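S.K.: With the sequences and hints as input, model every part of the structure.
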Amino acid sequence: MKFFGYLSFAMLLSVGCGRPSHQLDTAPVSGKVTLDGQPLPSGYVVVTTTKGRMASGKIRSDGTFDLTTYNEGDGAQVGSHPVVVNELPPDEFSPVPKEQRVPIPARYQSAGTSGLMVEVKPDEENYLELRLTTEAVKK
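Position 110 (the sequence shown) corresponds to 109 in numbering that gives the first Met the number 0; numbering is contiguous.
A couple of the hints might just be wrong.
[Unchecked claim] Quick list of in silico lysine-lysine cross-link-like pairs, DSSO-like style, CA-CA up to 27 angstroms: (1) 120 <-> 57; (2) 120 <-> 31; (3) 31 <-> 57; (4) 50 <-> 97; (5) 120 <-> 50; (6) 97 <-> 57; (7) 31 <-> 50.
[To be verified] Label-pair restraints from in silico Cβ distances: (8) 71 <-> 134: 21 to 27 angstroms; (9) 122 <-> 89: 37 to 43 angstroms; (10) 49 <-> 97: 34 to 40 angstroms; (11) 118 <-> 89: 32 to 38 angstroms; (12) 47 <-> 126: 26 to 32 angstroms; (13) 51 <-> 133: 30 to 36 angstroms; (14) 70 <-> 97: 16 to 22 angstroms; (15) 69 <-> 38: 25 to 31 angstroms; (16) 51 <-> 132: 26 to 32 angstroms; (17) 97 <-> 121: 36 to 42 angstroms; (18) 128 <-> 105: 19 to 25 angstroms.
Honestly, the hints are just simulated from the structure, not real lab data. Because the structure is a prediction, the values reported are computed rather than measured. Positions of the beta carbon are idealized from the N, C-alpha and C atoms, including for glycine.
M.R.: See the structure below:
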């Protein structure tokens, strides 16, 4: 009878291990954002999805970022997804100095107009280079 108790306990432990069932597969994604060839010093990169959680990452002063979906640095959901780049909110208490805040063209702040995509591949370190421009979009 003790054997069945240990077996039941072991089965419960194995069910609790690993990724929670509501979390979709992710893969690490890092990258760099430039605006007119210069590193974008602040803002957020956001990967939007139709199912599950979006991924986001704060842009560092050198233009680099790492994406997070569920846990720090876990990346973004596997698959192809639209990407947006957002400005930091105008907050006087922000640790980013006002002179480092660069206006991001509005077209990059919406998934419908950004034209930016990422293909996140499983079991890989995915690198995303986002080259933004301030020039008008040609039709």
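S.K.: Are the hints correct? Go through all of them and say.
M.R.: Right, here's what the structure says about each hint:
no. : hint                            : verdict
1   : 120 <-> 57                      : holds (21 angstroms)
2   : 120 <-> 31                      : holds (18 angstroms)
3   : 31 <-> 57                       : holds (11 angstroms)
4   : 50 <-> 97                       : violated (35 angstroms)
5   : 120 <-> 50                      : holds (17 angstroms)
6   : 97 <-> 57                       : holds (16 angstroms)
7   : 31 <-> 50                       : holds (25 angstroms)
8   : 71 <-> 134: 21 to 27 angstroms  : violated (36 angstroms)
9   : 122 <-> 89: 37 to 43 angstroms  : holds (40 angstroms)
10  : 49 <-> 97: 34 to 40 angstroms   : holds (36 angstroms)
11  : 118 <-> 89: 32 to 38 angstroms  : holds (33 angstroms)
12  : 47 <-> 126: 26 to 32 angstroms  : violated (19 angstroms)
13  : 51 <-> 133: 30 to 36 angstroms  : holds (33 angstroms)
14  : 70 <-> 97: 16 to 22 angstroms   : violated (32 angstroms)
15  : 69 <-> 38: 25 to 31 angstroms   : holds (28 angstroms)
16  : 51 <-> 132: 26 to 32 angstroms  : holds (31 angstroms)
17  : 97 <-> 121: 36 to 42 angstroms  : holds (41 angstroms)
18  : 128 <-> 105: 19 to 25 angstroms : holds (21 angstroms)
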